[in-house]
Amino acid sequence: MKPAAFDYHRPATLAEAIDLMERFGDSAAAISGGQSLVPLMNLRLSPSDQLVDVSRLAELQQTRDLGDSVFLGAGLTHAMFEDGAAPDPANGLMRQAASHIAYRAVRCHGTIGGSVAMADPAADWPAVLLALDAAALVRGPMGERRIAMDALLTGTYTTSLETGEIITGFEVPKLPADARTSYVKFNRKVGAFASSLAVAVRQGEALRLVLAGAGPRATLLAATAAAFIAGAPKTSVRNTLAGEVALIVEADDPYACALHIATILRAIEEIS
Amino acid sequence: MKMTEISVRVNGVAMKSSVEPRTSLADYVRETCGLTATHLGCEHGACGACTVLVDDVLTRSCLKFAAMCDDRHVTTLEGLANDPLTDLLRQCFHESHALQCGFCTPGMLMAARDLLRRNMTPDEITVRNALAGHICRCTGYSGIVHAILLAASRLKPDD
Amino acid sequence: MFVADVRLPGLQDIAFVRSGVAHGRLLSVNKPADDRERVFTIDDFDDLNVLEAGPELEAFRQSPYPALASGKVRYVGQAIAACVATTRARAEDLAERVEVEIDELPAVVDAVAAMQPGSPRLFENWADNAFIARTISAGDLNLFSASPMRLKRRFRMNRHATVSLEIRGVVAHWDARLEELVVHLSTQGGHVMRLGLARALGLPENQVRVIAPDVGGGFGGKNRLLPEEIAVCAIALKVGHPVRWIEDRREHLLASVHCRDHHYDLTVCFEPDGTLLGIEGDVHIDAGAYALWPTGSFMEASMAAGNLPGPYRMKALRVNTFTVATNKAPMGPYRGVARPGACFAIERMVDEVAQHLGIEPYEMRKRNLVKRTEMPYVTVAGLKLDTGDYHDSLDTAAKMIDISAIRRRQKERKPGEPRVGIGFAVYTEQSGHGVVEWSKRKSRVVPGYESANVRMLPDGSVNISVGVQNHGQGHETTLAQIAAHELGIDPSQIRIRYGDTATTPFGFGTFASRSIVFAGGAVGVTSRRLAEKIRLIGAHLLQAAPESVRIENGAVLSDSGSVGFGEIARAANIRQEMLPEGMEPLLEFTGTYEPKESAGVFSYGTHAVVVEVDEATGGVKILDYAVSEDCGTMINPMIVDGQVQGGISQGIGTGLYEEIPFNADGQPLATTFGEYMMPCATEIPTVRIAHSVTPALVTEYGVKGVGEGGAIAPPAALANAVADAFRDCKASFNETPLTPRRVWEAAQAAMTRMEAAAETRA
Ligand SMILES: Cc1cc2nc3c(=O)[nH]c(=O)nc-3n(C[C@H](O)[C@H](O)[C@H](O)COP(=O)(O)OP(=O)(O)OC[C@H]3O[C@@H](n4cnc5c(N)ncnc54)[C@H](O)[C@@H]3O)c2cc1C
Ligand code: FES
Ligand code: FES
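Residue numbers (this note's numbering), protein chains in the order written: chain A, 1 to 272; chain B, 1 to 159; chain C, 1 to 762.
The set of hints was computed from the structure by calculation and includes no laboratory data.
Don't take every hint at face value.
[Claimed, not checked] Only pairs whose alpha carbons sit at most 27 Å apart, straight line, appear in this in silico DSSO-like list of lysine-lysine:
no.	chain 1	residue 1	chain 2	residue 2
1	A	K234	C	K315
2	C	K730	C	K414
3	C	K366	C	K414
4	B	K2	C	K414
5	C	K621	A	K189
6	C	K440	C	K596
7	C	K371	C	K315
8	C	K442	C	K596
9	C	K730	C	K366
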């Protein structure tokens, strides 16, 4: 189980990295922690044969206070969040999520940027960042752009990143101290990807409810959130939720629906 | 075949090597450096047998290319031959019957040492969580968990 | 040092081209034009023999399994061609360039459907897809029609892999000086593998040397000769440099030994008071595409049937067994062989009857378990349970787990809180079975004995070579303990050697919970012979009568003096003139051992587990796990505990996590640890273990085997516990692994049934 041959590039600057990514186009892949990409390469499931190592780019390691929000570099590892070495503008939600991703050694290398770019439908970061209403900052041949999480995630393992674009980091709004969050992950064993992941972020009358592990990408459950905030009775919130979940779960799969309903209801309960 | 030149300090020894970019760190230490304490049990990050340290950070050597470790310090279990904490763990593994076939043991020792360096007084749940992603097919883990707790109980603050 | 750590000059790697389809006619294999001589197909070897495999029974149909596919492919992952290159990565590059043309045929993926008329067939010359079909019946068969009550259930234990952490591996080269093929092989029994390899390659056995260095777990999976191993050796004979193949995890899950995969369709007969009468029905074993040399997986069916009555006083048994060929990787043995499935079926059945009659499952077992006073007890299936107290085992486990506390907790549970359940499973573990049992099974190789070579060197230190193969069982420790006991020296003066056919006496290897009985016995009796000779020499040197001396602490003692083993060994090895008149020099014996009776001795025990089940998600959490077991005399309690805990961990894997599902085309759906769930320290609890010791009567020291027992009962105990948690709605959990999905679906079905019933009543 060894990868196919590829060329390895380690640009010294972000600009150089973008040049390389643009030059090689579809055959290029950025590599950050490698914790998702290398397993795929070992199984010969990755088509890229030009690897651009972005793991040492200083720009991707930064964190900056932007006032209402915090900039978190794409290269920050899960372990940095777990250990409190990276700021957590979400009152502990990011730390909580980070510590439930994979295993310690994987967390020491896997990055928040790589996770989002990978866009695994069951991954933790895309769901958490979507619930936090974060945006990705992206640098490419045409300069920098800011993409809201909802617009970035397009489908199973796909994002709206263009050829040559690299995620430099995320703008994550600071949650007020009285905001309430919850993170409910159901998986087959500790460290495995979620069978169902529910993330809720509530600031007073604003509730963002996200479901992952269902459908092609993490999804906002707006109707359920609205029903809950409007004070609808429990059964009616549940029915709304069942309706939203049924739209996301592809096949006729009562168990999957029940599971997602269960994790979301638990998340709601925690922020009630 | 295009090669990449790397300089890596492996267990304190400066190495200059020319490697295929696709060479994993695991294959580099095993095949190029001849250090076979690092085992391969899955090559997709899920079993922990290949765990080493890169700049003192716990690393699945099957999920890193050697080329990415240029200028880094790599420590395999062989490099911890004189490490007091590893010695203590070895002793406690022995006393607790924490290995049967021994194939998982190098990775277990790496993870255990890393945990105790971060947390000298872990409880059982913390130990078990630190071992998540480390597969042992033989022991059923209880000896391993016991050994790590035993080592923690024997740790002196300056170890 | 493991096989993958062996370094030889000029070593090259092998990668296999494997079938992507489950069933098809192999039309062509096209080698890349620029690298033809580095790619091997079956056509490159006209001198390889295909070994007959499976039991030596006329009725057992042969499924010729060539080292590389020939004519047809019969499962996804079957090796078609082998590619040799300087690194594994380059060998895989080469493999990618080999073009394979296959005419796909309909796949056979369900063992029960495979026996229906009209099913596609794997082997055209077979009348149906059964390797063998047999009916096993015993006892008073009239009971089946006369029985006042009966219950019918289906059980299924799904297929998984053996998953030793060190995967398989072979390093082979031709030693031109000794003119022999040297094979480093990760195996549980090098001598038997040498026999198979030599036959397959057409070499005399004295030109094949098998070395098993450290072996990183086997569990049955390394106790069969697999085609890749033959292919690698055949290539080594051709290319003139060492070659190796180190299986990767994907290959392991795809194409290594698979296990379990039993289907049961059973009816149990019983009295209204819960007295079990008999059990009848069908057992289908999904054995995969080929029988593996030597014995295939044919024992699964007979052992499953034979163990269905469990340790219960049943009067009748009638089981139709079918060992079925399907388009899946061949099945082989895995820790517990067949008994986890049989235990799952019978122990679930006991709970189902208890539920049906409203009896506490514990009581139900008390009513039916064989009593101590009835021992030895021959079960209706003909297994002779030799010694032990099964009731005491059940009582001990019940006490450890505290049934009444759980019952209280269940009563006090408020809606919305997780459900809690308690489950029991009683098991027996036949071990130390020899000639009678294996020849009854028509085994191609009859592992009826083990051997040991015990040698004292001139300085008094001792080397013992054995034919078994440690791969985690601690043979160095236990065998040295036994020898030390017999020789009256410290275990530290003894070295145990195994794993090299060139230096160890023939033996069968380590499997079937046999090593402590057979190899322990061989080391014991042979050491005793050595001790006797030492004593005679010692008496001579002390000028004392042989009857008047004894051995103690590495010396021979008489009333007036003592002489150390060092001196005795010196005399025996290098100072022959000091020996008694006419005595042969050397302190070396090779001996064999078989137990006085070879039908086997039975370890047994009770597993008791408490689980918490999340009704909304189907998630199962183990809250407590207790075992009371009896494996006869324990040579080393720490090693016994290690075997029990490790076995249970594997049993929990079977029960809750591990599975390789297949789709309708025969594509396996778990080929990495992403899909194949391996439990880790966060999933496996530390088990509380209580021992009782009823020595066996027919083995040395009263030992019984202990390697497999732990793995037998967990699926049954867990499923019973989950069912107990849903007792109020009579849900049945009859298929492993109990994934959250299966648990939820079974519970949901039961609740729907109950609601419907309530409605009808209303
Ligand atoms: C055993 C195991 C279990 C896991 N369990 C979980 C889990 O439970 N939950 C979870 O969320 N994840 C899990 N993961 C995945 C893990 O979190 C990865 O670390 C993460 O998904 C990818 O981060 P990375 O930095 O390693 O990215 P890489 O593997 O380096 O890259 C991943 C992808 O992102 C691209 N990429 C990387 N960086 C950038 C960038 N800056 N800009 C644009 N594209 C980029 C790459 O080209 C590639 O396509 C698991 C991984 C393993 C091995
Ligand atoms: S070999 Fe690296 S984690 Fe298994
Ligand atoms: S001791 Fe064998 S895998 Fe852990």
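Cross-check of the supplied hints:
Between K234/A and K315/C the alpha-carbon distance is near 56 Å, which puts this suggested pair outside the 27 Å criterion. Between the alpha carbons of K730/C and K414/C the distance comes to roughly 19 Å, so the proposed pair stays at or under 27 Å and holds. A C-alpha spacing of about 31 Å is found between K366/C and K414/C, which places the hinted pair above 27 Å, so the restraint is violated. For the given pair, K2/B sits about 67 Å from K414/C by alpha-carbon distance, which is inconsistent with the 27 Å threshold.
The hinted pair formed by K621/C and K189/A meets the criterion: a straight-line CA distance of about 11 Å does not exceed 27 Å. Among the hinted pairs, K440/C with K596/C is consistent with the structure: their alpha-carbon atoms are about 17 Å apart, no more than 27 Å. In summary, the hint linking K371/C to K315/C is supported, as the alpha carbons are separated by about 15 Å, within the 27 Å threshold. With a C-alpha separation of about 21 Å, the suggested pair K442/C and K596/C falls inside the 27 Å cut-off, and the hint holds.
For the given pair, K730/C sits about 22 Å from K366/C by alpha-carbon distance, which is consistent with the 27 Å threshold.
Comparing the model with each earlier hint shows violations of hints 1, 3 and 4; every other hint is respected.
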